[in-house]
Amino acid sequence: GAVVSQHPSWVICKSGTSVKIECRSLDFQATTMFWYRQFPKQSLMLMATSNEGSKATYEQGVEKDKFLINHASLTLSTLTVTSAHPEDSSFYICSASRQYDTEAFFGQGTRLTVV
Amino acid sequence: QKEVEQNSGPLSVPEGAIASLNCTYSDRVSQSFFWYRQYSGKSPELIMSIYSNGDKEDGRFTAQLNKASQYVSLLIRDSQPSDSATYLCAVNNRHGDTGRRALTFGSGTRLQVQP
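Respectively, the protein sequence lines represent chains Y and C.
Under my numbering, the first residue of the first sequence is numbered 2, with each subsequent residue one higher.
Under my numbering, the first residue of the second sequence is numbered 261, with each subsequent residue one higher.
Here chain Y stands alone, though its shape is the one from the complex:
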């Protein structure tokens, strides 16, 4: 149990275009989903927290208009990187948990390259 599927696993896009990343909890209902970004040789940095049916909560320094998060159901959250630029190239990872104070399970990650 506790499988989180993230899609796509990698994507290359042109500068100025938008990219959508999906995160699904396959065998449990995720009360909360989290989006992280990881640059090479650095740790995971939390971008935002989303709860089903409500607006995402963004961490300081993360542009909510650039990184659009939708948590439409208890099993699906999406992250859309709008007007992507080369500096947005990174490894984006989602995680999901059943409730607060429990372990989070990670998707496979999406490697975004903006050219």
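If a hint is listed, it holds; no wrong ones were tucked in.
Listed next, the in silico BS3-like pairs over lysine-lysine satisfying Cα-Cα at most 27 Å (straight line):
id	chain 1	residue 1	chain 2	residue 2
1	Y	42	C	302
2	Y	65	C	302
3	C	302	Y	21
4	Y	56	Y	21
5	Y	67	Y	42
6	Y	15	C	302
Now the stretches of chain C that chain Y is said to cover, found in silico as 3 or more residues with beta-carbon under 8 Å:
id	segment
7	302-308
8	365-375
Just so you know, these hints were derived from the structure itself, not from any lab.
Each residue gets a CB set at the ideal place from its N, CA and C atoms; glycine is no exception.
Following the hints, complete the assembly by docking chain C onto the known chain Y.
This is chain C only, laid out in the frame that chain Y set:
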């Protein structure tokens, strides 16, 4: 700023030895602690969770928690070359102005097990 500190390593141990990974955290009210393993280019994989003071054993892994010292560690017995990875310590604490809970990750310790 809620911080989680880890020695970046690399920590090099011979095959069959015990690897000891350490982590300190700054948020005194944290209640949930996790160790994740991350292979290069992959997303983190949960190894252990620990919620109360003392030791918790699972196979070759033992997590140790000391809340008074704000210290959590992971011991890997009979280390194998396949254990070579980056080990991330994570603490569940409140983020941002709304106080929502999410995992804060340390920068990770790179473990190398020499055959």
